[in-house]
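Participant: Top to bottom, those sequences are chains A and B. Under my numbering, the final residue of the first sequence carries the number 257; numbering is consecutive throughout. Under my numbering, the final residue of the second sequence carries the number 257; numbering is consecutive throughout.
Quick caveat, the hints were computed from the structure, so don't treat them as lab data. Values in this document were obtained by computation on a predicted structure and should not be read as measured data. One should not assume that every hint holds.
Same chains, same names: a pair is fine if it fits in one copy or spans any two.
What the hints assert, rightly or not - Pairs of lysine to aspartate or glutamate, DMTMM-like flavour, derived with a Cα cap of 25 Å:
no. : residue 1 : residue 2
1   : LYS30     : ASP71
2   : LYS219    : ASP195
3   : LYS219    : ASP115
4   : LYS114    : ASP195
5   : LYS30     : ASP195
6   : LYS30     : GLU104
7   : LYS219    : GLU98
2 protein chains.
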Amino acid sequence: MMTSQNRIWTAALVVIGDEILSGRTHDKNIAQIASWLQVQGIRLSEVRVVADDMDAIAAAVNALRVQHDYLFTTGGIGPTHDDITVDSVARALGVEVVIHPEARAMLAEYYKDKQGGLNEARLRMARVPEGSDLIPNRMSGAPGIRHGNIFLMAGVPSITAQMLDGLTGTLEGGAPLLAETVGGWIKESEVADLLREVEQAHPECQIGSYPFFREGKTGANFVIRSTNRDALDSCVDTLCEGLGELGLDFTPGGI
Amino acid sequence: MMTSQNRIWTAALVVIGDEILSGRTHDKNIAQIASWLQVQGIRLSEVRVVADDMDAIAAAVNALRVQHDYLFTTGGIGPTHDDITVDSVARALGVEVVIHPEARAMLAEYYKDKQGGLNEARLRMARVPEGSDLIPNRMSGAPGIRHGNIFLMAGVPSITAQMLDGLTGTLEGGAPLLAETVGGWIKESEVADLLREVEQAHPECQIGSYPFFREGKTGANFVIRSTNRDALDSCVDTLCEGLGELGLDFTPGGI
């Protein structure tokens, strides 16, 4: 029987932004949200990066919100004309866009001493899909938005970090996925048989092999993942023994 | 009438990798491929990051290959057990996996002086979906793979760069999307009306507003995009005039 401890909780992420698809901006939210989810015991299973386009956003939201326990979005919740995430999610859900009174109050407080005050553009940041709750953000006053299992976060990574901080410990998850890394100046093609055999002998573990070129040399890190600490440790030991038997130098923790 | 000059050519990218979804590795291929596509006159319209899972990869490939002119994948074409991209794409296409004789010859040449020679693991890198052509890669011997409008690239960014180099100028595209940036220590919520008005007055242009926090201060870059150089220049001029009229300092090229 699946209990909430051994059931796998999954999340998907929709990154909204022409700036990522143009290559102009390197996304930092995927790694940030993935790492945060791991600690909550939730596995990031899929990411989609879509353009600033209502239909594209709504389609991605509707495809993913039913397939996963949680759906996050980043980007497009600011004050300008290209911030269309709230409207797109409302369309996906078939609900109205409304002004959230608490968000309006938070913005009014934040902007009361600032030039321009709570103008029309800034008030856009109080718009939410009807039925939403707010996710606090101490940095800029503008809150994130929660609607059911959907979480709308900022595009600016430092603001998203604040919103994640506010959500820490509030989402139900399972056992966190643990990981250990072993690396070395090893060609992965020399150890492919070993990796496959060790993984097969440890059914509760997955081994990923991540090659790289650095300082003109070939190396690889082998990442062993499991939700079971004992199984993970045993798998790491077996892999290290095998690398030693092949006469290869390796570094626990990876290089 | 749409000619090949003004028709918009689009591409999608499937990033294959548990290491991205775990947050362990920051993806660099999205920005690299996006920037390369821009120069080819092809627009990156969607990215999906999926797990090292045959069904997930095959589903993403089949959803995207018919919606776009080109489909790229990165990752999972190496010699180890977790490299399952070739098998997944073959499943998606309903074709067999075969050894490509030219790829086998390239690998035999590359590994002839290296320890272990062309072993079974390395020979995995000659496996392709039946009907594929090769994309040369001078760095590691292992080629990329082209099947119709699908391009299978490496996960290691420096190898993917080599493969893109080999493809440069070979894919049909349209007019490249041009971009100019204007930035300043400006709160985007102060200029939201201006941005919307300028964009509406220049129907061939899109304006994106990208706020940031840096050195403890709020700023924003405004990116104007168009395939028409004259329309782009006119839009930039109008935006700069508007910012000047509001008494705001700005920097052409962005900050």
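Participant: Indicate, hint by hint, whether the structure satisfies it.
Facilitator: Structure-based check of each hint:
1. LYS30 to ASP71: Only inside one copy: LYS30 and ASP71 sit 23 Å apart there, 28 Å across copies, limit 25 Å.
2. LYS219 to ASP195: within (22 Å within a copy, 53 Å between copies)
3. LYS219 to ASP115: between (57 Å within a copy, 16 Å between copies)
4. LYS114 to ASP195: between (65 Å within a copy, 20 Å between copies)
5. LYS30 to ASP195: For LYS30 and ASP195, neither the intra-copy (35 Å) nor the inter-copy (29 Å) Cα distance is at most 25 Å.
6. LYS30 to GLU104: neither (29 Å within a copy, 39 Å between copies)
7. LYS219 to GLU98: neither (57 Å within a copy, 35 Å between copies)
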